[in-house]
Amino acid sequence: MLNLSTYRRFIFSLIFSLPLLYMMILARFFGDLPGGDFTLFVLSTPVLIIGGYPFYRGAWAAFKNRFASMDTLIAVGTLTAYLYSLYALVRGLDVYFEIAALLIVFILLGQVFEELSKQRASKAIEKLAQLQAKEATVLRQGKEIKVAIEDLQKDDLIIVKPGQKIPTDGIIIEGSSTIDESMITGESLPVSKQVGAAVIGSTINKTGSFTFRATKIGTETMLAQIIELVKRAQNSRAPIQRVADQISSYFVPSVLIFAVIVFAIWYALIGVGFVAAMLYAVSVIVIACPCALGLAVPTALMVGTGRGAKLGVLIKSGEVLEAARKVNLVIFDKTGTITLGTPVVTDVLGDTQKTLQVAAALEDRSEHPLAGAIIQAAQKAKLPIVSVTAFAAVEGRGVTGVLDKKNVLLGSRRFFDEENIDSDKFENDIKRLQSEGKTIVLVGQTQKLIGVLAIQDKPKATSKSAITRLKSLGYRTIMITGDNQATAEAIGRQVGIDEIKAEVLPAGKAAEVIAYQQHYTVAFVGDGINDAPALAQADLGIAMGAGTDVAIETGDIVLVRNNLDDVATALRLSKKTFGRIKLNLFWAFAYNVAGIPIAAGVFSGAGLVLNPALAGLAMAFSSVSVVLSSLLLARTKV
Amino acid sequence: MDKLLVVVAAAGLIIAIGWWFFGPKNNQATAAEQGSDDQAATIIVDGGYKPAIVALQVGKPAHITFVRKDPSSCLEAIIMPDFGISETLQINKPLTVTFTPKKIGEFTYTCGMRMFSAKIQVS
Numbered sequence: 028m029l030n031l032s033t034y035r036r037f038i039f040s041l042i043f044s045l046p047l048l049y050m051m052i053l054a055r056f057f058g059d060l061p062g063g064d065f066t067l068f069v070l071s072t073p074v075l076i077i078g079g080y081p082f083y084r085g086a087w088a089a090f091k092n093r094f095a096s097m098d099t100l101i102a103v104g105t106l107t108a109y110l111y112s113l114y115a116l117v118r119g120l121d122v123y124f125e126i127a128a129l130l131i132v133f134i135l136l137g138q139v140f141e142e143l144s145k146q147r148a149s150k151a152i153e154k155l156a157q158l159q160a161k162e163a164t165v166l167r168q169g170k171e172i173k174v175a176i177e178d179l180q181k182d183d184l185i186i187v188k189p190g191q192k193i194p195t196d197g198i199i200i201e202g203s204s205t206i207d208e209s210m211i212t213g214e215s216l217p218v219s220k221q222v223g224a225a226v227i228g229s230t231i232n233k234t235g236s237f238t239f240r241a242t243k244i245g246t247e248t249m250l251a252q253i254i255e256l257v258k259r260a261q262n263s264r265a266p267i268q269r270v271a272d273q274i275s276s277y278f279v280p281s282v283l284i285f286a287v288i289v290f291a292i293w294y295a296l297i298g299v300g301f302v303a304a305m306l307y308a309v310s311v312i313v314i315a316c317p318c319a320l321g322l323a324v325p326t327a328l329m330v331g332t333g334r335g336a337k338l339g340v341l342i343k344s345g346e347v348l349e350a351a352r353k354v355n356l357v358i359f360d361k362t363g364t365i366t367l368g369t370p371v372v373t374d375v376l377g378d379t380q381k382t383l384q385v386a387a388a389l390e391d392r393s394e395h396p397l398a399g400a401i402i403q404a405a406q407k408a409k410l411p412i413v414s415v416t417a418f419a420a421v422e423g424r425g426v427t428g429v430l431d432k433k434n435v436l437l438g439s440r441r442f443f444d445e446e447n448i449d450s451d452k453f454e455n456d457i458k459r460l461q462s463e464g465k466t467i468v469l470v471g472q473t474q475k476l477i478g479v480l481a482i483q484d485k486p487k488a489t490s491k492s493a494i495t496r497l498k499s500l501g502y503r504t505i506m507i508t509g510d511n512q513a514t515a516e517a518i519g520r521q522v523g524i525d526e527i528k529a530e531v532l533p534a535g536k537a538a539e540v541i542a543y544q545q546h547y548t549v550a551f552v553g554d555g556i557n558d559a560p561a562l563a564q565a566d567l568g569i570a571m572g573a574g575t576d577v578a579i580e581t582g583d584i585v586l587v588r589n590n591l592d593d594v595a596t597a598l599r600l601s602k603k604t605f606g607r608i609k610l611n612l613f614w615a616f617a618y619n620v621a622g623i624p625i626a627a628g629v630f631s632g633a634g635l636v637l638n639p640a641l642a643g644l645a646m647a648f649s650s651v652s653v654v655l656s657s658l659l660l661a662r663t664k665v
Numbered sequence: 002m003d004k005l006l007v008v009v010a011a012a013g014l015i016i017a018i019g020w021w022f023f024g025p026k027n028n029q030a031t032a033a034e035q036g037s038d039d040q041a042a043t044i045i046v047d048g049g050y051k052p053a054i055v056a057l058q059v060g061k062p063a064h065i066t067f068v069r070k071d072p073s074s075c076l077e078a079i080i081m082p083d084f085g086i087s088e089t090l091q092i093n094k095p096l097t098v099t100f101t102p103k104k105i106g107e108f109t110y111t112c113g114m115r116m117f118s119a120k121i122q123v124s
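Protein sequences, first through last, are from chains A and B.
So the first sequence is numbered by the working numbering: it starts at 28 and just counts up by one.
So the second sequence is numbered by the working numbering: it starts at 2 and just counts up by one.
The set of hints was computed from the structure by calculation and includes no laboratory data.
It is possible that some hints are incorrect.
Said to hold, decoys possible - Straight-line Cα separation of at most 35 Å, DSBU-like style, residue types lysine-lysine; simulated pairs:
hint: 1; chain 1: A; residue 1: 243; chain 2: A; residue 2: 343
hint: 2; chain 1: A; residue 1: 170; chain 2: A; residue 2: 192
hint: 3; chain 1: B; residue 1: 103; chain 2: A; residue 2: 602
hint: 4; chain 1: A; residue 1: 91; chain 2: B; residue 2: 70
hint: 5; chain 1: A; residue 1: 452; chain 2: A; residue 2: 407
hint: 6; chain 1: A; residue 1: 154; chain 2: A; residue 2: 337
hint: 7; chain 1: B; residue 1: 61; chain 2: A; residue 2: 243
hint: 8; chain 1: B; residue 1: 61; chain 2: A; residue 2: 161
hint: 9; chain 1: B; residue 1: 70; chain 2: A; residue 2: 343
hint: 10; chain 1: B; residue 1: 103; chain 2: A; residue 2: 181
hint: 11; chain 1: A; residue 1: 353; chain 2: B; residue 2: 103
hint: 12; chain 1: B; residue 1: 94; chain 2: A; residue 2: 343
hint: 13; chain 1: B; residue 1: 94; chain 2: A; residue 2: 154
hint: 14; chain 1: B; residue 1: 120; chain 2: A; residue 2: 609
hint: 15; chain 1: A; residue 1: 528; chain 2: A; residue 2: 452
hint: 16; chain 1: B; residue 1: 104; chain 2: A; residue 2: 243
To be verified - Listed next, with one range per pair, are the computed distances between beta-carbon atoms:
hint: 17; chain 1: A; residue 1: 338; chain 2: B; residue 2: 41; range: 35 to 43 Å
hint: 18; chain 1: B; residue 1: 94; chain 2: A; residue 2: 420; range: 51 to 59 Å
hint: 19; chain 1: B; residue 1: 41; chain 2: A; residue 2: 221; range: 42 to 50 Å
hint: 20; chain 1: A; residue 1: 338; chain 2: B; residue 2: 45; range: 40 to 48 Å
hint: 21; chain 1: A; residue 1: 91; chain 2: B; residue 2: 99; range: 28 to 36 Å
hint: 22; chain 1: B; residue 1: 31; chain 2: A; residue 2: 221; range: 53 to 61 Å
hint: 23; chain 1: B; residue 1: 109; chain 2: A; residue 2: 445; range: 52 to 60 Å
Note that the structure is predicted; figures quoted are calculated from it, not measured.
We put the CB at the ideal spot given by N, CA and C, even for glycine.
Turn these sequences into a full structure, and let the hints steer you where they fit.
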């Protein structure tokens, strides 16, 4: 009996209760069932035993612990009706067996729906988990052996052939290939990877073969972390939930007390018969069942975050939803967020070879985002790259070093002005390039300017439409960047952003967020590594890109795809989910608040009463409607 | 006359209900078993959580084993938002969750429907 599923218990109870339903509604037209009240007793008893057993067991266990739960209400309600009916059967009075049985049926109906919704919601997680590969081919002691995914160890050398699923996170040590990473990063074009590149578990290898060293296994992999995040979010606490929590433990005993008062008033004060008073009390107990309240937040949260996961929008917790709905200003970091983040050298002014060589020598050690572009340009020009000695970086300005015993430097115009190096020679060209949205990097040797590099980090293809969408939804948009004003303005014009803050030092981004927070609720969009303080300071931090652990750590919302469009999606989904939670709570409360007085007979003068069976139906209906409302969240447009 | 009896009985019942459910409960914290570098406790899930308050030490990995004996659907899920735990419990199948409490304080965890709750005290 303990192990009969909710669904089976429901069907069993339904079958036995159908004749009872007939008795309640149609008997007056077509006649009673044979055997009269005794038949009712025979039909309803199995329902109470099989269908109702877990409620009685639970109510008793809770009672011993001095707790009262939903089971307590169901137990007291159904047993009162049933036991009285036994007494009435013996004494030849009217019986109410059908009420007890139908109550159980309706409550089970509500529970069946609840389980359905939980299954649906956890499908999102299941689908994510299914992405996981089941086995891997490992190179151990010179032999290739197949191992189960659970038996993988860190630093294992894993061989991947074309068409196979990559088993876990790692770094390629031999070979190369193109890999379909769409399931994790949303990148629709396959990415080509060479030695030294990172690969992500559960992505699909396309054309080449390669060997890689496992750097992360089991729960440390990107996929596992995403799953964990979604799971946590689905069960996180929304602040609005606390109200519901606090009420719970006092609610049921209060309802019991109220039911006793209702009975006493009807019987002793107003003077209706014992049975009528009892029915009022039972109705109160049944309608007060707070199961819809317990479902209101969790179901919506589950469906909302699950849907987000499918769309590549990872919402970290229920609290995030509340922040998201208040946002009215979105601040974007430029590099890597609005732009591709992979700049390219487009122009070289001055002595091309020398400029590139010196620049590459200086940037060889640098981790500056522009360094890659410079090195690439030098490689393309087939120039040998030598490193400088005495390398020093000046934050937000440039870098210096010594090459061939000469002092060399590279950096912004501001840097060269501060170093008193004249750059007027290229004044017009610089202005022209900047107006094209390019970043200007000056290269100098022995206190003289030898050349200028123009580097461009183009906006992503989706940036313009994403910003347009956000603006049409009523958000103000701002772009913050360390770049100079002219370049920033050029990019800003290209994507249609409302306002630009240029030449902001990395440390200054968080300060800018604070300044705007005086008047707005601010969302900051950036990639985790460089923008962590700003992401943390903002009311809502949206981290882009699943390539780094840092993104997952610092963002309130993590956008797995590198698509700016997802910002609007994330905000809309959060708003809708929160709205659904509020709606659910309202309905759940409304049923109880409106239902209790009616069940208590407060409006009986106006003919508005609620008999226990109807009360049970209403209560099941409230659970079902909350669950359905949450499930519909999976279909609303975002 | 019998109406008076009913009123008296009702009053008595109300007082009994109030005292039983609202009265002071045994709120003694039960300390977890301390190992050299971790700690463990077992919680029986039956009409609630026994012990209702478990005391843990901060910074040490904690293994909490839940044994569910209660078929009530309210109790089939265990949710500990402060520790990121959300699991389903099968009847009579112990389930151990592991986490490391990082902050000092009292943390409430609940069943799936948030009807039953209990506490973890971290010091």
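Okay, the hints, checked on the actual structure:
| no. | hint | in the structure |
| --- | --- | --- |
| 1 | 243(A) to 343(A) | 22 Å, holds |
| 2 | 170(A) to 192(A) | 20 Å, holds |
| 3 | 103(B) to 602(A) | 32 Å, holds |
| 4 | 91(A) to 70(B) | 14 Å, holds |
| 5 | 452(A) to 407(A) | 27 Å, holds |
| 6 | 154(A) to 337(A) | 9 Å, holds |
| 7 | 61(B) to 243(A) | 24 Å, holds |
| 8 | 61(B) to 161(A) | 33 Å, holds |
| 9 | 70(B) to 343(A) | 32 Å, holds |
| 10 | 103(B) to 181(A) | 27 Å, holds |
| 11 | 353(A) to 103(B) | 30 Å, holds |
| 12 | 94(B) to 343(A) | 30 Å, holds |
| 13 | 94(B) to 154(A) | 26 Å, holds |
| 14 | 120(B) to 609(A) | 27 Å, holds |
| 15 | 528(A) to 452(A) | 28 Å, holds |
| 16 | 104(B) to 243(A) | 28 Å, holds |
| 17 | 338(A) to 41(B): 35 to 43 Å | 40 Å, holds |
| 18 | 94(B) to 420(A): 51 to 59 Å | 58 Å, holds |
| 19 | 41(B) to 221(A): 42 to 50 Å | 48 Å, holds |
| 20 | 338(A) to 45(B): 40 to 48 Å | 41 Å, holds |
| 21 | 91(A) to 99(B): 28 to 36 Å | 30 Å, holds |
| 22 | 31(B) to 221(A): 53 to 61 Å | 57 Å, holds |
| 23 | 109(B) to 445(A): 52 to 60 Å | 57 Å, holds |
In terms of the numbered hints stated before, the structure departs from none.
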